[in-house]
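Residue numbers (our numbering), protein chains in the order written: chain A, 668 to 778; chain B, 161 to 274.
Since the hints were derived computationally from the structure, they do not count as laboratory data. Some hints here could point you the wrong way.
EDC-like, lysine to aspartate or glutamate: derived pairs with alpha carbons at most 16 Å apart [stated by the list, open to error]: (1) A:K765 <-> B:D190; (2) A:K693 <-> A:D733; (3) A:K765 <-> B:D255; (4) A:K693 <-> A:E672; (5) A:K765 <-> B:D219; (6) B:K231 <-> B:E184; (7) B:K230 <-> B:E175; (8) B:K169 <-> B:E184; (9) A:K737 <-> A:E720.
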Amino acid sequence: SQQGEEDPQALSIQEGENATMNCSYKTSINNLQWYRQNSGRGLVHLILIRSNEREKHSGRLRVTLDTSKKSSSLLITASRAADTASYFCAAGGTSYGKLTFGQGTILTVHP
Amino acid sequence: DGGITQSPKYLFRKEGQNVTLSCEQNLNHDAMYWYRQDPGQGLRLIYYSQIVNDFQKGDIAEGYSVSREKKESFPLTVTSAQKNPTAFYLCASMDRRAINEKLFFGSGTQLSVL
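Okay, chain B solo, but in the shape it has when bound (with noise of 0.2 Å):
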């Protein structure tokens, strides 16, 4: 089956605590995409990358950061810089070949601060 697994799907974090967030896809899509969603609320985009070893920041990067070493991988930095990090977490994909811009959503991570 073709997708893109996130993990863990619950995480907790511990004041002054780094967590990393896994993101992996066997679409062989370039571009990935880390958004955030609040109660109630839309998706914000934290950082994203259209080719490996590269990645931009998106709206909300303060306190988050990204590597892209390989093409599947995407995975996602809480650091501690991030104060009020309870949310939930959505890697995405797309296909940048494509002519449309639609985007493939991993199950997404829930992360709470302890």
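Next comes chain A alone, as it looks inside the complex (with noise of 0.2 Å):
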């Protein structure tokens, strides 16, 4: 069953603005992923934040962790066009290697 859930589900935004997305999640989890999927295409790994960490940055994304509230956030900052995609939080949890994913948001960047 999914455990994570996202929103928006959707998001539309001009070039240089900031993104924001959010997921929750329901069970307890080891880590917690977000991943970019582009249109008919695999999905690519962006960032881990593991279930001890609050916050955690990677060039333009930044993600945050709150276990208590079991959500998580990604922000994405001076968006770029080429950032249009659909992006998935999977939550790792106390079965190493099987992540549950959540049902994505897609984030459009008007140039």
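Please assemble the complex out of the two chains, which come individually in their own frames, going by the hints.
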């Protein structure tokens, strides 16, 4: 069953603006990951945050994790048209290697 | 180039027919996975294998079968028992020796019913 739920389902912004996507999950996790998917393609790993971490940065990406609220957010700063894609969170639970994916946020960045 | 190769990119199935989707990896990863993605939805786990000659059912295994005879290969058969097979199928692998649980994905196979 799907563990993660993401909101918004779709997000439309202008180039240069920041994009924030949220993910909620139901059970205990070891880590929370974010992936990107371009239309009709496979997913690409973006960033992983462990359950004992609160915030992590990678380039223009910032991920936060609040285990008390069972939620995570992905912030993309200074967005570009090339950031247009679907973004998925994936929860890594107690069974190593079995990730549970959210339903994704479709991000459209207008030039 | 190291990576995961899925073939074919597009596949059509006639009613009552079994079809097999190919997944090959040269990343030397022990673990391999099959996911199903429906339009506008997230990924659901069909089957996974953590080592050669062993595999486990995921959340939606009914109507599917797999084999893992070689480390590099993890083919998925969509059987006639799967009544709603139209979907995008993604294969992935993971290095179980790594600290993180990062998945590497192929580019997918779109299966449609004729």
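Hint check results:
{"no.": "1", "hint": "A:K765 <-> B:D190", "in the structure": "holds, 14 Å"}
{"no.": "2", "hint": "A:K693 <-> A:D733", "in the structure": "holds, 12 Å"}
{"no.": "3", "hint": "A:K765 <-> B:D255", "in the structure": "holds, 13 Å"}
{"no.": "4", "hint": "A:K693 <-> A:E672", "in the structure": "holds, 9 Å"}
{"no.": "5", "hint": "A:K765 <-> B:D219", "in the structure": "holds, 11 Å"}
{"no.": "6", "hint": "B:K231 <-> B:E184", "in the structure": "holds, 9 Å"}
{"no.": "7", "hint": "B:K230 <-> B:E175", "in the structure": "violated, 30 Å"}
{"no.": "8", "hint": "B:K169 <-> B:E184", "in the structure": "holds, 13 Å"}
{"no.": "9", "hint": "A:K737 <-> A:E720", "in the structure": "holds, 13 Å"}
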